[in-house]
Amino acid sequence: MGRIITLITDYGWRDHYVGVLHGVILRIAPDVRIVDVTHAVEPHDITHGAFVLRQVLPWYPAGTIHMAVVDPGVGTDRRILVAQYGGQFIVTPDNGLLTFVHRDLPAEEMVSVENRHFFLSKISSTFHGRDMIAPVASHLANGVRPREFGRVTDRLEILPISWEAERTSSGLCGQVIYVDRFGTLVSNVQVKQLESIQEERGNVSVFVNGENIGSIKSTFSDVPIGKPVAFVGGSGNLEIAVNQGRAVDRFSPDAEVCIEVR
Amino acid sequence: MGRIITLITDYGWRDHYVGVLHGVILRIAPDVRIVDVTHAVEPHDITHGAFVLRQVLPWYPAGTIHMAVVDPGVGTDRRILVAQYGGQFIVTPDNGLLTFVHRDLPAEEMVSVENRHFFLSKISSTFHGRDMIAPVASHLANGVRPREFGRVTDRLEILPISWEAERTSSGLCGQVIYVDRFGTLVSNVQVKQLESIQEERGNVSVFVNGENIGSIKSTFSDVPIGKPVAFVGGSGNLEIAVNQGRAVDRFSPDAEVCIEVR
Amino acid sequence: MGRIITLITDYGWRDHYVGVLHGVILRIAPDVRIVDVTHAVEPHDITHGAFVLRQVLPWYPAGTIHMAVVDPGVGTDRRILVAQYGGQFIVTPDNGLLTFVHRDLPAEEMVSVENRHFFLSKISSTFHGRDMIAPVASHLANGVRPREFGRVTDRLEILPISWEAERTSSGLCGQVIYVDRFGTLVSNVQVKQLESIQEERGNVSVFVNGENIGSIKSTFSDVPIGKPVAFVGGSGNLEIAVNQGRAVDRFSPDAEVCIEVR
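For the record, the sequence lines run as chains A, H and D.
Start counting the first sequence at 1; every next residue gets the next number (my numbering).
Start counting the second sequence at 1001; every next residue gets the next number (my numbering).
Start counting the third sequence at 2001; every next residue gets the next number (my numbering).
Treat the hints as calculated values from the structure; they're not laboratory data.
Hints may be right or wrong, so weigh each one.
Unchecked claim - In silico DSS-like pairs for lysine-lysine, Cα to Cα no more than 27 Å straight-line: (1) D:Lys2122 / A:Lys217; (2) D:Lys2217 / H:Lys1122; (3) H:Lys1122 / D:Lys2192; (4) A:Lys227 / A:Lys192.
Stated by the list, open to error - Label-pair distances were calculated between CB atoms; the ranges are: (5) A:Glu114 / D:Ile2123: 21 to 27 Å; (6) A:Asp249 / D:Pro2058: 36 to 42 Å; (7) A:Glu211 / H:Ser1215: 50 to 56 Å; (8) H:Ser1215 / A:Pro30: 38 to 44 Å; (9) A:Glu114 / H:Ser1252: 37 to 43 Å; (10) A:Ser252 / D:Gly2226: 40 to 46 Å; (11) A:Lys227 / H:Ser1218: 35 to 41 Å; (12) D:Gly2226 / A:Glu211: 47 to 53 Å; (13) A:Arg201 / H:Ser1252: 56 to 62 Å; (14) D:Thr2076 / A:Lys192: 56 to 62 Å.
Here a beta-carbon is modelled for each residue, glycine too, at the ideal position from N, C-alpha and C.
The shape of chain A in the complex, shown without the other chains:
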């Protein structure tokens, strides 16, 4: 098979949108492999899409093309970007979806898409995923180079989100930035921040919305069923779960997460 195109959208599975995207891609690039990462991003929730994009990127081989489309500004003059990180490509509206990838990785090239030659011949004002972004991703898969789509740029929209916890006199204080299907809370306390505190200052306690839930464990089964637990998750951030339960129901989707040295 040819290259991989992954899809991250808020289009949902119940309508025709996903099927239309696949059709458009397969007519232009019949040999690609398409991976439906998710179409269940909360409608218009750019942070959600940005988080998923950041999490999947490291697991794909060079040459992969990621199409991330959460686009409340469709039809306005927001730009479309082709950005290259680690030999992979992301095609996306310029509305913040690159925030977390861009903060962590050096962009190798970033192009503002302007060449209408690569779009569908008729462009709607409400479905640019179909008319512009999927065609650009497909032509990339066919070997068109990023610069052929437009002009090189070095600016992009970044979401106003604290991706890192803040250092306090007694430790760290951050907040939940993502809630997953299991109701697990992903905080912005990063593993490198934790390690620095622990090395300097010793063991810590974790406070969620002010409640002390104890030290940092390795996994949720380190506590009894029904109890809350903090651990470093697969995302590389401190996560709060309830063993076989839902932390979001016990705390809240925007909970404060603080670390205090004992």
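Since chain A is already given, all that's left is putting chains H and D on it; use the hints.
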């Protein structure tokens, strides 16, 4: 890869039905590419399935096989059809799923499937998608011609739905026929009807359940956040949305949509 | 294309987990075909996963690899198994997911996975699907033989569920073990048990939570719309449905299902 088989069903993603379909197809036609368009058609909602089928068809290449299965009459003597439109094939129970495709496109061939040779050897009375429709789609992908499955027919079930708005003394009056994931309302006011009114009679106002929401815009971001807006959507019909909100919550899933000349 | 890897998980579609699994698999085994059977197993519901795995297995060709991951004990020392049935392979935590397959089919080989050489180099304590199970499945697809992953074993966890109804003085009594998307109730009354009763004792009536819903029909459209009906479903078990309705709403997800000779 071989031909494309798309799947449009109400089987849902939580059970084994989708996995079973893929297995049946891959045993008969190991080289096909399967596209899961949707399995989230509302259970037994033939109109929903018919709308999705109509929307995806134009985007696929000739030779594609679409399997549309929303089948409240499974186990009765309703027929199974293989129908050809624009060089593509649709395999489906004859219960109205072809309504919107058939109204817009000329059928090149239509066959009532009768040749049990192409079914699985054991046929249940509740899962014809697995036992009959998937095998027929797979054999089509392997190059069997439609007429080999049964006898040519020219009748089919059509849903009693107004796919077009009605002309009134002051403009047009129609209704919502589909609500998508974003809560956007798709009406049966067709773009060609609108164009005809606008050419003859000038600018128009749109009334949803009697409320004047103004003229027709190009996209939902042409109005402030939270405001309702009418535009011609990707479906080719007049759609009603709320900018970054849900029109279905503000109006209703069966709202009346009228156009009046100013 | 290469071998088939199917995925049965409770990871859900809204997060990054599914996309990460695909990436990990495609980096190790770039030619496999991946089938997303379901990621909508109820979180931590091993019985649900075990039922889906049992239902899809018979429909896949020899050589297929099924990855079943519902893993509330991730991070503990529960084992990971590679089990072979009918020339197909299942890679799964040893927590009961094999229950229904193992009861019905002879295991050709069962190996407890211990060889860390086949895992990702860094193993988290919360995402073994990514770090251990997907890599093992991918290496199997590349031709590694089960015994290369660890040591042969003959014990495994089995769920304490009655997969068969009990014989009573007047017939059979069992219960619902699965509820599908349509609200249809799948009972543990097996077709072979029914046939034995019917041959010996004649026609039967079906009682659901004590209510007589009549004899066994062939399909749900054998009763008027809105009425309950019992039939032998695609699963090979007695199922209870409501024609164009939801049996689970009329009865209950754990309903008792009894058969009495008339």
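Report task. State, for the Cβ atoms of A:Glu211 and H:Ser1215, whether the hinted interval 50 to 56 Å holds or is violated. Result -> 54 Å, holds
Query raised in the report: In this structure, is the beta-carbon distance linking A:Asp249 and D:Pro2058 contained in 36 to 42 Å?
Result: 38 Å, holds
Report task. Starting from the range 47 to 53 Å, see whether the pair D:Gly2226 and A:Glu211 falls in it by beta-carbon distance. Result -> Since D:Gly2226 and A:Glu211 have Cβ atoms about 49 Å apart, the given range 47 to 53 Å holds.
Requested in this report: Could you check the hint for me, namely that A:Glu114 and H:Ser1252 are 37 to 43 Å apart, CB to CB?
Outcome: This hint holds: roughly 42 Å between Cβ atoms.
Query raised in the report: CB of A:Ser252 to CB of D:Gly2226, is that within 40 to 46 Å?
Result: For D:Gly2226 against A:Ser252, whose Cβ atoms are near 42 Å apart, the range 40 to 46 Å holds.
**Report entry** Restraint status (C-alpha distance of D:Lys2217 to H:Lys1122 at most 27 Å)
**Finding:** 18 Å, holds
Query raised in the report: Is the distance from the Cβ of A:Glu114 to the Cβ of D:Ile2123 consistent with 21 to 27 Å?
Result: 45 Å, violated
Query raised in the report: Do the alpha carbons of A:Lys227 and A:Lys192 lie within 27 Å of each other, as the hint requires?
Result: 26 Å, holds
Query raised in the report: Is the straight-line distance between the alpha-carbon of H:Lys1122 and that of D:Lys2192 27 Å or less?
Result: Holds, at roughly 16 Å.
Query raised in the report: Would you say the C-beta atoms of D:Thr2076 and A:Lys192 sit inside 56 to 62 Å of each other?
Result: For D:Thr2076 and A:Lys192 the Cβ distance comes to about 27 Å; the hint is violated.
Query raised in the report: Does A:Lys217 lie within 27 Å of D:Lys2122 when you go C-alpha to C-alpha?
Result: Holds. D:Lys2122 to A:Lys217 sits at ~18 Å (cutoff 27 Å).
**Report entry** C-beta pair H:Ser1215, A:Pro30: status relative to the range 38 to 44 Å that was hinted
**Finding:** 42 Å Cβ-Cβ, so the 38 to 44 Å window holds.
Violation of the numbered hints given earlier is confined to hints 5, 11 and 14; the remaining hints are satisfied by the structure.
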